[in-house]
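Respectively, the protein sequence lines represent chains A and B. Under this note's numbering, the first residue of the first sequence is numbered 1, with each subsequent residue one higher. Under this note's numbering, the first residue of the second sequence is numbered 511, with each subsequent residue one higher.
It should be emphasised that the hints constitute simulated quantities derived from the structure, not laboratory data. Treat the numbers as computed from the prediction; the structure is a model and nothing was measured. Check the hints yourself; a few may be wrong.
Straight-line C-alpha distance at most 20 Å; calculated SDA-like pairs for lysine to any residue [said to hold, decoys possible]:
1. K417/A x D772/B
2. K780/B x K417/A
3. K780/B x D235/A
Partial selection, computed: residues in chain A whose CB lies under 8 Å from chain B [claimed, not checked]:
4. L115
5. Y245
6. L345
7. V349
8. I406
Even for Gly, the Cβ is constructed at its ideal location relative to N, Cα and C.
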Amino acid sequence: MAAKRTIRTIPAERTPVREQPAAERIGGFEEVSLGYDEVEAAREAQRCLFCADTPCMRGCPVSVDIPGFIRKVSDRDYQGAYETIARTNLLPAVCGRVCPQESQCEAVCTVGDSLEPVAIGRLERFVGDLAIANDWASRPFIPPTPHRVGVIGSGPAGMACAADLAKAGCEVTVYEALHLPGGVLRYGIPDFRLPSEVIDAEVANLERLGVRFECNTVVGRLFTPEQMIEEMGFDAVFIGTGAGYPTMLGIPGDSLGGVLSANELLTRANLMQARDFPVYDTPIPLGTHVAVVGAGNTAMDAMRVCLRLGAETVQCLYRRSAAEAPARAEELHHAEQEGVEFHWLTNPVEVLDDGQGNVGGLRCQRMELGEPDASGRRRPVPVPGSEFVMRCDQVVFAIGTNANPIIGQTSRLSLDKRGYLRVDEDLATSMAGVFAGGDIVTGAATVIEAMGAGRRAAAGILRYLGVRDESLPYDALGEPVFGIAPHEHSFVRLRVAETPSTHRTAVTAR
Amino acid sequence: MQSSSDDLRSASTTSAPRAGVTGFPIVARHDISDATFILEVHHPLMARAARAGQFVIVMSHPEGERIPLTIADFDRELGTVTLVVQAVGKTTREMQQTCHVGTSLHGVAGPLGQPSPLGTARTVVCVGGGLGVAPVYPQARAHKERGATVIGVLGFRSAELVFWEDKFREVCDELILCTDDGSAGIHGLVTDGLELAMERYPDVGEVVAIGPPVMMQACAEATRPTGVHTVVSLNPIMVDGTGMCGGCRVRVGDGVRFACVDGPDFDGHKVDFADLRSRLTRYRGEEAQALAHWEHTCRRAEVAAADTSELPTPTGA
Numbered sequence: 001m002a003a004k005r006t007i008r009t010i011p012a013e014r015t016p017v018r019e020q021p022a023a024e025r026i027g028g029f030e031e032v033s034l035g036y037d038e039v040e041a042a043r044e045a046q047r048c049l050f051c052a053d054t055p056c057m058r059g060c061p062v063s064v065d066i067p068g069f070i071r072k073v074s075d076r077d078y079q080g081a082y083e084t085i086a087r088t089n090l091l092p093a094v095c096g097r098v099c100p101q102e103s104q105c106e107a108v109c110t111v112g113d114s115l116e117p118v119a120i121g122r123l124e125r126f127v128g129d130l131a132i133a134n135d136w137a138s139r140p141f142i143p144p145t146p147h148r149v150g151v152i153g154s155g156p157a158g159m160a161c162a163a164d165l166a167k168a169g170c171e172v173t174v175y176e177a178l179h180l181p182g183g184v185l186r187y188g189i190p191d192f193r194l195p196s197e198v199i200d201a202e203v204a205n206l207e208r209l210g211v212r213f214e215c216n217t218v219v220g221r222l223f224t225p226e227q228m229i230e231e232m233g234f235d236a237v238f239i240g241t242g243a244g245y246p247t248m249l250g251i252p253g254d255s256l257g258g259v260l261s262a263n264e265l266l267t268r269a270n271l272m273q274a275r276d277f278p279v280y281d282t283p284i285p286l287g288t289h290v291a292v293v294g295a296g297n298t299a300m301d302a303m304r305v306c307l308r309l310g311a312e313t314v315q316c317l318y319r320r321s322a323a324e325a326p327a328r329a330e331e332l333h334h335a336e337q338e339g340v341e342f343h344w345l346t347n348p349v350e351v352l353d354d355g356q357g358n359v360g361g362l363r364c365q366r367m368e369l370g371e372p373d374a375s376g377r378r379r380p381v382p383v384p385g386s387e388f389v390m391r392c393d394q395v396v397f398a399i400g401t402n403a404n405p406i407i408g409q410t411s412r413l414s415l416d417k418r419g420y421l422r423v424d425e426d427l428a429t430s431m432a433g434v435f436a437g438g439d440i441v442t443g444a445a446t447v448i449e450a451m452g453a454g455r456r457a458a459a460g461i462l463r464y465l466g467v468r469d470e471s472l473p474y475d476a477l478g479e480p481v482f483g484i485a486p487h488e489h490s491f492v493r494l495r496v497a498e499t500p501s502t503h504r505t506a507v508t509a510r
Numbered sequence: 511m512q513s514s515s516d517d518l519r520s521a522s523t524t525s526a527p528r529a530g531v532t533g534f535p536i537v538a539r540h541d542i543s544d545a546t547f548i549l550e551v552h553h554p555l556m557a558r559a560a561r562a563g564q565f566v567i568v569m570s571h572p573e574g575e576r577i578p579l580t581i582a583d584f585d586r587e588l589g590t591v592t593l594v595v596q597a598v599g600k601t602t603r604e605m606q607q608t609c610h611v612g613t614s615l616h617g618v619a620g621p622l623g624q625p626s627p628l629g630t631a632r633t634v635v636c637v638g639g640g641l642g643v644a645p646v647y648p649q650a651r652a653h654k655e656r657g658a659t660v661i662g663v664l665g666f667r668s669a670e671l672v673f674w675e676d677k678f679r680e681v682c683d684e685l686i687l688c689t690d691d692g693s694a695g696i697h698g699l700v701t702d703g704l705e706l707a708m709e710r711y712p713d714v715g716e717v718v719a720i721g722p723p724v725m726m727q728a729c730a731e732a733t734r735p736t737g738v739h740t741v742v743s744l745n746p747i748m749v750d751g752t753g754m755c756g757g758c759r760v761r762v763g764d765g766v767r768f769a770c771v772d773g774p775d776f777d778g779h780k781v782d783f784a785d786l787r788s789r790l791t792r793y794r795g796e797e798a799q800a801l802a803h804w805e806h807t808c809r810r811a812e813v814a815a816a817d818t819s820e821l822p823t824p825t826g827a
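Isolated chain A, as found in the complex:
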């Protein structure tokens, strides 16, 4: 190996990523970021110091072995790099694209103390894309267990949970309410940020692990989680139905024609392919001057979709300042490049009627930041007499989402006051065998956090089923007694261990 890298020997500048020029890209839905090629990836991989305390891994909600995979990229062992990532994250091509790395792994990167941090997300995407292109899949030999697990929702939480369970030998069926799997990855995130081929590839990967996807299945309504356990023969159930229920604007005029949620706009454009209307049957309302309320990733996606659908102007309103905007830095930057106008500290107060039941404008007021609120951010307060009318013919609101109500309406599972499922530290719900994770537990969060929750729930389910999870560091959790880690909930395995012959190897040799 070469001499030890230090902050002085590595390339100081972060390797830029090639992007479609803004003027060209808003004409279509092709992906904006073109990703690293081999030379660029090799150069960026040189910037990792392989530091001993690996802060990046602690910054990652699923603890990807980041220095491990970057070392393999440096050694040009790309398949090895993929396998390193896939041990903890089955969806590198997705996460490399949509994770907020700047507030996770890259935020705590040691290189970032003095230079720009290593572009971990771009390297992850590079490896993930190679894996898809070369059809690599982490397909270990999996000794089957007799357990059947049902997963409700095929979004990031459900997919991550299904992957871990399938790898542990469970028979996994994923139920999806819509007609295509992927959840928010499919309906929410546009193609120019996450091409649907990437989602298809990741779904196919899971299918190769033996996971079965059943679409058009609205669990709660077609059958309930209780029925899955009591009648359908599932040993455990994971609920990852997300927080897709959009928050309404709640101001006068919010049901006028041309006012819609970002969820509706994105679902029409992405899942239903309304951008190809009338080849696809679902239409999309086209505004010439669009105002989007909110400054999260969903708002950025909605604005950039509007630009691609032909809007002349797209304006973003946010009641706080740019510093508080929850969107990923790269998305804000891309939106700005593509021509979105930002109006910080601006709050809508009324949607105006054009006289025909459609949007004629948006009355807004200026805000200023006051005392910090419960979230620790400074509360925006209206500036008296600052009202003005913004010209627009379409209003899209992306101001957050709530728990999807269907499971709550149809099951006896314990909910909190806002309709989210209550779980313990193992992500077990109030019903034995039923686990939950992702946005339906925490409220709206990120893709990778949902995946982290899916994996934690999978670990919880395996303990509940009495399946040993060999990836857990048993040593760190105290002395196992008779080979059983103290945190294991079920000791069924003891009986198996007592039988000397083939059963023993079948279950413990995992």
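Here the structure of chain A is known, so what remains is to put chain B in place on it, guided by the hints.
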């Protein structure tokens, strides 16, 4: 049912379909008029789960839209759900041409929405007009099954368009037919039938009205003076049907509700029908465009088919 029908039930019950398989087989079709047809779809799990008042989202082919259709009937033994389709827009007219016994629907998701709360009223009037005739049937049956006196009020344009009269007579203590031209039953609108029913049965405790928004509004106005609880079933434009897009939001009382997860049944005295009607016309332009595009493609396909048929038969085949 006596109308022209083709039936494949016995054949398809052996095929053991699973939930969520691609393709939901159509096992029966009955045409009621030149624009309205009934489809029976084999989906045993759905037939088991369905309750009066619920609906499904149907996608007829992979490029299609997701449209909400009320569940007009379900048969738990045969494992079928019945959908009534009125060919008015591009999707439904296309379905009229392509959905036959032996074909299948690309997607059927449901049963969606809250089942109708049946209440405890001793006497119930079930009013159905136009496309609402079929969906009010399971409600009438459910009220009958819980022991209520059920009066059915059904509206049609004329006698030839009357359907399911026998089915309704089985579950109704009295059935009042109303036709626009007086060719069957009373000459008048369903509101006239409703008023007649209210006169004859002073103890009516609940009215269920399903049909076009203007009809449901008229029924709600007819009962407002006496304050009889009036339930209407709303069918706004939807995309996902699972509470995700908010496209189906309706104003009910002081609040905004989603028809797909909070409804589709709401208190008719509280629904803002003007808002509902205005939101239903939102996509009129796009709908015309879709229809024009489809008709154009159909004509092109017909021309192409005609061209092919004129080609000489290949030799040596």
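For each hint, the structure was consulted:
For the proposed pair K417/A and D772/B, the alpha carbon gap of about 17 Å is at most 20 Å, so the pair holds. A distance of roughly 26 Å separates the Cα atoms of K780/B and K417/A; the hinted pair therefore is violated under the 20 Å criterion. The hinted pair formed by K780/B and D235/A fails the criterion: a straight-line CA distance of about 45 Å is larger than 20 Å. With a cut of 8 Å, the hint placing L115/A at the interface with chain B is violated, because the nearest CB-to-CB distance is about 42 Å.
Given hint, Y245/A at the interface with chain B, holds; its Cβ is 5 Å from that chain's nearest Cβ, closer than 8 Å. Against a cut-off of 8 Å between C-beta atoms, the interface hint on L345/A is violated, since the closest Cβ of chain B lies about 26 Å away. At a threshold of 8 Å, the smallest CB-CB gap from V349/A to chain B is about 17 Å, leaving the interface hint violated. A least Cβ separation of about 6 Å between I406/A and chain B falls short of the 8 Å threshold, and the interface hint therefore holds.
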